[in-house]
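Colleague: This is what each chain is made of:
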Amino acid sequence: MVIIDRDGGGSPPVDELEAALAALAVDPPASLSARIFAQWCRVTSPTGDLYVAFSDQGISYVRTAEAVGDDETVFLESFRARFERPLLAADRPPPGLLPAVRTGRTRPLRFDLGQLTDFERAVLTVTAQIPAGQTRPYGWVAKEIGRPKAVRAVGTALGRNPVPVLIPCHRVTRSDGVPGEYVFGPQAKERLLRAEAVNLDEVRELASERIFYLGSDTTGIVCFPTCHHARRITAKHRKGFRNIEQAAEHGYRPCLHCRPGIATGDAVGA
Amino acid sequence: MGVDANGEEAHAAETERLRSMLADDLDVGFAEFVRVFQRPVYSAVLRACGHAVDAEDLAAETFLRAYRALRGYDRRRIMALQPRAWLMTVALNTWRNQVRDRARQPSEVPLDGEVEPRSATDPVADTVSRLEDRRLLATLVVGLPAAQRLALVLRYVCDLSVVEVAEAIGCPAGTAKSHVSRGLRRLRAEHAVRELYEVPR
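Going line by line, the protein sequences match chains R and Y. Quick note: the first sequence uses the working numbering, first residue 1, plus one each step. Quick note: the second sequence uses the working numbering, first residue 271, plus one each step.
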């Protein structure tokens, strides 16, 4: 090694050590840029177009085109304000998104919910399991996450859902058949539910008779009214219940599919 | 890598171009910003911050912090920015924060077992002996006192001028200059010792 003591003050290097140090520069792994930038795209769904932001970690943000006035700059600015992360137009939508929005089967999608609290994540994980065409009360979500008293907090967490439509927080409703609050407003919620063939009118009618659960006297199983098992019960065999205790008294057990295990009063409201 | 008159002019033009891009459209400009600076930033955190860090994590966090800061800057402030030195300051702060957090909650990050990354751009540099040389030199650099190590890495690995080094570290140019020359001297001394005691390849 050549021993020339330079002071490194901007003179061109003729020195082996300086050149060797320069050779210590390395290119970062190709994955670095995906950890910095999120991508966005616009996709068409049966209920209207969606703006979707995503990264390698999954889908992080969704807005309906309607909610941002059909203006991509509004979507981009709301993403940046919330996530403080640069966003670039994607070459293609994230894997699986197009079939998921076409069929409404969004459960297999990967989501990046890293910015949320554990509680909010738990609420959304449970909500993601509610099938299309069905609804569950707020209190049901609270019970499913093991926080039966946190009904209001569930409502707040759903209101902050960064990926509505894809994680179907619109399927969490008041049990009296009124859809309730929604990120994009109650009307949008009702429209989404009707597009999935949820019979809101029937739910409301039942609720007015203080019926919040339906059982079949042939199977002895009791469900939420929108559960697909409840919808198959013929009028002759259909029994209505005010609460799950009342059903239990008559020898009915809760459906394993819709899990209507709420133990508190009428389960209305919230 | 030395900054002669032409190089300085080219550097100034490049800086100006980046500033305008950032000021015109932050996200598009930032994509270019990352493209230009990802190699020096990654190299800096890999070589200067020691083995106990995940260089990719640290580089990503550096750019995200830089983005958050830039979002709050108006056009005038962006046009006055020395992007390279500024970004290195952000990188060093990000690293210091991480070291501080790690100190609070001891973690199981291994201190050795680092694999020398291959050079993606220069396959010729990857002959076995060159890799060995780089590994040895990288180890010697990591063993330098922090001030000398940071100055030396920023000056030669990241190709910053002495003025930029001083700005990134937050010290007078004279101090940066002396860190650099002491670091070089010490590396030479340690290298000479190794040559004396180790079997030549």
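No lab work stands behind these hints, which were simulated from the structure alone. It is possible that part of the hints are untrue.
Stated by the list, open to error - Examples of chain Y residues toward chain R, derived with CB under 7 Å:
hint	residue
1	T285
2	E286
3	E302
4	V304
5	R309
6	R317
7	A329
8	A330
9	Y337
10	Y343
11	C441
12	R464
Glycine included, C-beta positions come from ideal geometry on N, C-alpha and C.
Colleague: All hints, please: hold or fail.
Modeller: Hint-by-hint comparison with the structure:
| no. | hint | in the structure |
| --- | --- | --- |
| 1 | T285 | violated, 17 Å |
| 2 | E286 | violated, 20 Å |
| 3 | E302 | violated, 11 Å |
| 4 | V304 | holds, 6 Å |
| 5 | R309 | holds, 5 Å |
| 6 | R317 | holds, 5 Å |
| 7 | A329 | holds, 6 Å |
| 8 | A330 | holds, 4 Å |
| 9 | Y337 | holds, 5 Å |
| 10 | Y343 | violated, 13 Å |
| 11 | C441 | violated, 15 Å |
| 12 | R464 | violated, 10 Å |
Consistency note: the structure conflicts with the earlier hints numbered 1, 2, 3, 10, 11, 12.
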